[in-house]
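J.: Sequences and hints are given; from them, build the entire structure.
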Amino acid sequence: MTEDTYIGPPRNVTADEINATIAERQALTEEEKRELSADAWGPLVRGELRVRPYGDSNT
Amino acid sequence: MATVTLNPVAVGTSPQITQRGGIYQELRFSALVSGLTETDNAVLEEAIDAAAAAHSNLVPGGASTNYPGLFCDEISVRMNGTDTKSVIIDYTFRRKSASSVTYLGVGYHDNGAQFTWSGGTALTQHETPWDAYGNPIVVSHAWQGTELDQAAPTGTTSYISSPISVQLPLTTVTGRGFLTIAYPDLVSKAFTGYVNSDIWAGEPPGTWMCTSVTWEPSDTNTSPVTFEFSFTFEHNPQGFQPLVWFINPRTGTPPHNVVSGVGVRQIVWYPSRPFYPYFPV
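Those protein sequences? They're chains A and B, same order as listed.
Going left to right, the first sequence walks through residues 1 to 59 as the numbering used here numbers them.
Going left to right, the second sequence walks through residues 1 to 281 as the numbering used here numbers them.
In short, the hints are calculated from the structure, not lab data.
Quick reminder that beta carbons are idealized off the backbone N, C-alpha and C, glycines included.
There's no promise every hint is true.
As the list claims (entries may be wrong) - Derived list of chain B stretches under chain A, where covered just means 3 residues or more per stretch with a C-beta under 8 angstroms from a C-beta of chain A:
| no. | segment |
| --- | --- |
| 1 | 179-185 |
| 2 | 202-213 |
| 3 | 272-280 |
T.: Written out as structure tokens, the structure reads:
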């Protein structure tokens, strides 16, 4: 098989990229994770996040 | 003046703490209140007030000093033997709404959220047009002129793509936790039907989908109300975005040499969202 003949599921990341991401996240402290989580949940808690309808482009 | 003694050894009481799944669930301890002045059962209320005056958290909803997340849920008062001027108060501190939930996480609302996870993996019947290496599954036959009902001229080779039925491991995980939030329905809509746009739980984008979000009130005394949320995610190693294939109308199967991105395309239908910041697992 070559990349030209590959028709399987989309491979938008490689195993190396996944492992690198996991390693980066494992290096985060609990406090850093909490801050990340707070930044993400904040708009939801405050009702500021807009939910895109189906068929709209990705967020 | 009343005297309040926590965990009085003299009356044979001892504190108890219950831990389940690494999380403190229930704390029990007693207080001896002596030197009371009221008569009859009025001493019971006098004792409760005296204990609350001495320790501000010994009131309904009061937070435990040593065990964060536990709150005073039950106060029970009894006389200390035949002594009409001293009583024993039994306190039970529990997690919020401990009686109605099986798992208890800690919600930090504006400071982030923590979830506890459960889940499993099971094999599911699945039809696939490619093998484990991403090759189209194709079988061929060279016509020799000896077949009874030869479909092509002798000396030619016919190719047919042939999807096969396989077992695919599908994983489901459920995260439970509390959020103090004014718009719980916004949270359900913001995740249900979404796939991960980032690498999440060790898997590539597009392979996790949030399939269900439920919420129910856990503590209506907070403002806004605290809800217990349950998020269910399913993992599909082949991704959730639908595929469309060119089908040969004469054979009813895709041509064997169909070209990726042209004759077979993955359609972006489900919206995506990064999962990791919300659920750092």
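J.: Provide an ascending list of the numbers of those earlier hints which the structure does not satisfy.
T.: none
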